[in-house]
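Novice: Chains C and G supply the protein sequences, listed in that same order.
FYI, in this note's numbering the residues of the first sequence are 1 to 79.
FYI, in this note's numbering the residues of the second sequence are 1 to 303.
Any given hint might turn out to be false.
Partial list, computed: chain C residues near chain G (C-beta under 10 angstroms) [unchecked claim]:
no.: 1; residue: 12
no.: 2; residue: 40
no.: 3; residue: 44
no.: 4; residue: 66
Taking lysine-lysine and the BS3-like style, the derived pairs with C-alpha atoms no more than 27 angstroms apart in a straight line are [stated by the list, open to error]:
no.: 5; chain 1: G; residue 1: 152; chain 2: C; residue 2: 44
no.: 6; chain 1: G; residue 1: 152; chain 2: G; residue 2: 19
no.: 7; chain 1: G; residue 1: 273; chain 2: C; residue 2: 44
no.: 8; chain 1: G; residue 1: 51; chain 2: G; residue 2: 180
no.: 9; chain 1: C; residue 1: 72; chain 2: C; residue 2: 2
no.: 10; chain 1: G; residue 1: 270; chain 2: C; residue 2: 44
no.: 11; chain 1: G; residue 1: 273; chain 2: G; residue 2: 152
no.: 12; chain 1: C; residue 1: 58; chain 2: C; residue 2: 76
no.: 13; chain 1: G; residue 1: 206; chain 2: C; residue 2: 58
no.: 14; chain 1: C; residue 1: 58; chain 2: C; residue 2: 72
no.: 15; chain 1: C; residue 1: 76; chain 2: C; residue 2: 2
no.: 16; chain 1: C; residue 1: 58; chain 2: C; residue 2: 44
no.: 17; chain 1: G; residue 1: 243; chain 2: G; residue 2: 115
no.: 18; chain 1: G; residue 1: 180; chain 2: G; residue 2: 269
no.: 19; chain 1: G; residue 1: 270; chain 2: G; residue 2: 152
no.: 20; chain 1: G; residue 1: 51; chain 2: C; residue 2: 44
no.: 21; chain 1: G; residue 1: 152; chain 2: C; residue 2: 2
no.: 22; chain 1: G; residue 1: 243; chain 2: G; residue 2: 19
no.: 23; chain 1: C; residue 1: 44; chain 2: G; residue 2: 269
no.: 24; chain 1: G; residue 1: 273; chain 2: G; residue 2: 51
no.: 25; chain 1: G; residue 1: 206; chain 2: G; residue 2: 243
The hints are simulated quantities; they were obtained by calculation from the structure and are not laboratory data.
We treat Cβ as the ideally placed atom computed from N, Cα and C, and that holds for glycine.
Below, each chain spelled out in residue letters.
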Amino acid sequence: MKIKVLGGGCDDCDRFYENVLIALGESGADAEVERVEDLMEIVKLGVMSVPTLMIDGKIVLLGQHASAERIKELIKANE
Amino acid sequence: MNKLLENPVLSFFVYDTAKITLLLCLLIFSISYIQSYFPPERSKRIIGRFKGLGARITAALLGTVTPFCSCSSIPLFIGFTSAGLPVGVTFSFLISSPMVDLGSLVLLMSIFGVKVALAYVVFGLIIAVAGSSIIEALHMDRYVEGFVTAVKAAESESPSLTVRDRLIYARDKMTETLRKVFPYIVLGVSIGAVIHNWVPEEVIAKVLGTENPLGVVIATVVGVPMYGDIFGTVPVAEALLVKGARLGTVLAFMMAVTTLSLPSMILLKKVVKTRLLYTFIVICTFGIIAVGYLFNLLQPYLI
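The shape of chain G in the complex, shown without the other chains (with noise of 0.2 angstroms):
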């Protein structure tokens, strides 16, 4: 075993994985029991007492408390327009909610630092923020297809939690998030573990380094049709920050890749019209490259 071990592919894969689902467990079972506090519907109630920017804000901050899955976009964006939520904010919580949640911020914290973390949360806060006070000055709203607006949905009591309930909760949440997750943060060390050991230095810094100015686009482009959770792109975007790639870069790449997927952009389409789905698409994924180059400039400041 030990001289396994020694083997370097075998040990970054090996300590990465052990790291990042240990990791998991731990933050997955607190953040669920935050979380349980501020179910969609609860969330839904709290930003419906904002108007204008003030409600954009509460649901980009909300967005980064409130369980999400793609899988529950569709729901909670029906539940929101039908609540008589401005369509800006249902994506300012679209946007934030997979791009900055508590998990990204504690496991960003304990591989790149405290800064990079708060930094990369207040930056995807803008981005949501902004993006959908875009999206509501173009008068999205037209293009919400007709069968969502139509609904009427009734006002829901959300049962009153006991700790122990809460605990259920969360070691649920974590099993079932644990079960989903684990292959891709099996496949995100993997491509960690090619990167960190066959990938030659050179061909990242001329691809994702100082040399190319257009690296952020690069990252950005190959992210946003991909499908991965932020524990899977992690691993990846450690090995290349060793390598030579540039901060901006490499989180302008997880940002891409946790918040547009090509799953999520079908889902969305059952929904809205393609004139509101492109509109989205080009705000995050503009947002992201210029988050990208900020952080590129902060670059020395912030490791």
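Bound-form chain C, shown alone (with noise of 0.2 angstroms):
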């Protein structure tokens, strides 16, 4: 699975990161991470709120932040 995190330079993009990379260590998933912070390429997925967190193309998490708990459940879900 491909996991895309969404936003950077705000103390709530930091942390989420951080909780997504918990969530994976966690769960076990096998995947690819890869952290988009710059605003015209978070534009350009079509996206205005940070954070959000993208699964395989698809947007799980909206301008949201999340604990490590939740981002396993969406990550589960969608795997």
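Reconstruct the complex from the two isolated chains, following the hints.
Specialist: Below you can see the structure in the form of structure tokens.
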């Protein structure tokens, strides 16, 4: 699975990214993580709110911070 | 403690901070729940179905329910523009979003009454629609930075949310907003308390009351560069009104503080050329001044 974590330059975005890494470590899912911090790249993906989580090209969390626990659920649901 | 609360300054401070904080929590929670239905990505798609004036009106209306903070104005501007929305439509949204939101409606209702709150919202929407129509008529799209129009944004599908997702969203927004806005509430209430207790009525009446025909202009010009949240400006407005400032003068101040600020201008400067930025500032300032005078005229009918 390909995971994109959108958003950079804000505390929430940094914490969100860390939570994604924790969630991945705990769930043991086989994923490739890419962090998209550049605003123009984010807009190109059709997104205006951060932090946002995309799994295999699909937005699963939009403009919302989430705990590692919740991200784990989302990863499971989209596996 | 009781002795302390008999001190009028302290009791105003404690009572107002508690009242506004409580209101804020309640309001942000319920409003965020509604807002979870309107992420900017979705609002953009809805607005895209309309053309011309209809699009600008829709943008102004959706601006009231779409979650917004000045930090998101740049991605929003680029996202809207790259989706092919005319610059006027984007500005309609950018004016109405900070000036009138559901929060300000309920907050104004609880403090100034239903009539004032409704009038504030209606006039705010009129400024957004009229202002953006002028920007459109002046063909201001020439003054959007080239790199903004060059982006091709993909169509995105917003995730479908369950009730639980929305409740979590609302809870997170509430704590996040409280953390961000609380210092402004304390600052606003402190200024309100100072006005309430130490600034003599004659001074306020002279500068912001019936005695000064330029009160609205002064309040607007002072408010424009200031950065604040509606929750921080309300206690100041309330105290000024009690001390004899006129309604329109006070509301013009609130509109100026929430809609325009130095930080948001600096951000906007990154995506538009100076000419468009100045046009935007001038239009908003004059719109707010006009609404201020209108409110002063209507004051006897509103409170």
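Novice: Indicate, hint by hint, whether the structure satisfies it.
Specialist: Evaluation of the provided hints:
1. At a threshold of 10 angstroms, the smallest CB-CB gap from residue 12 of chain C to chain G is about 8 angstroms, leaving the interface hint in force.
2. A cut of 10 angstroms between beta carbons decides the hint on residue 40 of chain C: the least distance to chain G is about 6 angstroms, and the hint holds.
3. The restraint placing residue 44 of chain C at the interface with chain G holds, with a minimum CB-CB distance near 6 angstroms, inside the 10 angstroms limit.
4. Look at residue 66 of chain C: its Cβ gets to within about 8 angstroms of chain G, closer than 10 angstroms, so that hint holds up.
5. As the CA atoms of residue 152 of chain G and residue 44 of chain C are separated by approximately 6 angstroms, the hinted pair is consistent with the 27 angstroms bound.
6. The suggested pairing of residue 152 of chain G with residue 19 of chain G is violated, with an alpha-carbon distance near 46 angstroms, which exceeds 27 angstroms.
7. Straight-line distance between C-alpha atoms of residue 273 of chain G and residue 44 of chain C comes to about 22 angstroms, which keeps the hinted pair within the 27 angstroms bound.
8. Straight-line distance between C-alpha atoms of residue 51 of chain G and residue 180 of chain G comes to about 36 angstroms, which puts the hinted pair past the 27 angstroms bound.
9. Proximity of residue 72 of chain C to residue 2 of chain C is assessed by CA-CA distance (about 14 angstroms); at most 27 angstroms being required, the pair is judged to hold.
10. For the suggested pair residue 270 of chain G and residue 44 of chain C, the alpha carbons sit about 18 angstroms apart, so the restraint of at most 27 angstroms is met.
11. Of the supplied pair hints, the one linking residue 273 of chain G and residue 152 of chain G holds, its CA atoms being roughly 20 angstroms apart against a limit of 27 angstroms.
12. Only pairs whose Cα atoms come within 27 angstroms are accepted, and residue 58 of chain C paired with residue 76 of chain C is accepted, the gap being roughly 14 angstroms.
13. This hinted pair does not check out: residue 206 of chain G and residue 58 of chain C have alpha carbons roughly 60 angstroms apart, beyond 27 angstroms.
14. Of the supplied pair hints, the one linking residue 58 of chain C and residue 72 of chain C holds, its CA atoms being roughly 16 angstroms apart against a limit of 27 angstroms.
15. Straight-line distance between C-alpha atoms of residue 76 of chain C and residue 2 of chain C comes to about 13 angstroms, which keeps the hinted pair within the 27 angstroms bound.
16. For the proposed pair residue 58 of chain C and residue 44 of chain C, the alpha carbon gap of about 14 angstroms is at most 27 angstroms, so the pair holds.
17. This hinted pair checks out: residue 243 of chain G and residue 115 of chain G have alpha carbons roughly 21 angstroms apart, not beyond 27 angstroms.
18. At most 27 angstroms may separate the alpha-carbon atoms for a hinted pair to count; residue 180 of chain G and residue 269 of chain G meet this at roughly 24 angstroms.
19. For the proposed pair residue 270 of chain G and residue 152 of chain G, the alpha carbon gap of about 18 angstroms is at most 27 angstroms, so the pair holds.
20. With a C-alpha separation of about 23 angstroms, the suggested pair residue 51 of chain G and residue 44 of chain C falls inside the 27 angstroms cut-off, and the hint holds.
21. Distance restraint check for residue 152 of chain G and residue 2 of chain C: the Cα-Cα separation of roughly 22 angstroms lies within the 27 angstroms cut-off, and the hinted pair is therefore satisfied.
22. A hinted pair counts as satisfied when its Cα atoms are at most 27 angstroms apart, and residue 243 of chain G with residue 19 of chain G qualifies at roughly 20 angstroms.
23. Our distance criterion of 27 angstroms between C-alpha atoms is met by residue 44 of chain C and residue 269 of chain G, whose separation comes to about 21 angstroms.
24. Taken as a hint, the residue 273 of chain G and residue 51 of chain G pair is honoured in the structure, with Cα atoms around 25 angstroms apart against an allowance of 27 angstroms.
25. For the hint linking residue 206 of chain G to residue 243 of chain G, the alpha-carbon distance of about 11 angstroms falls within 27 angstroms, and the restraint holds.
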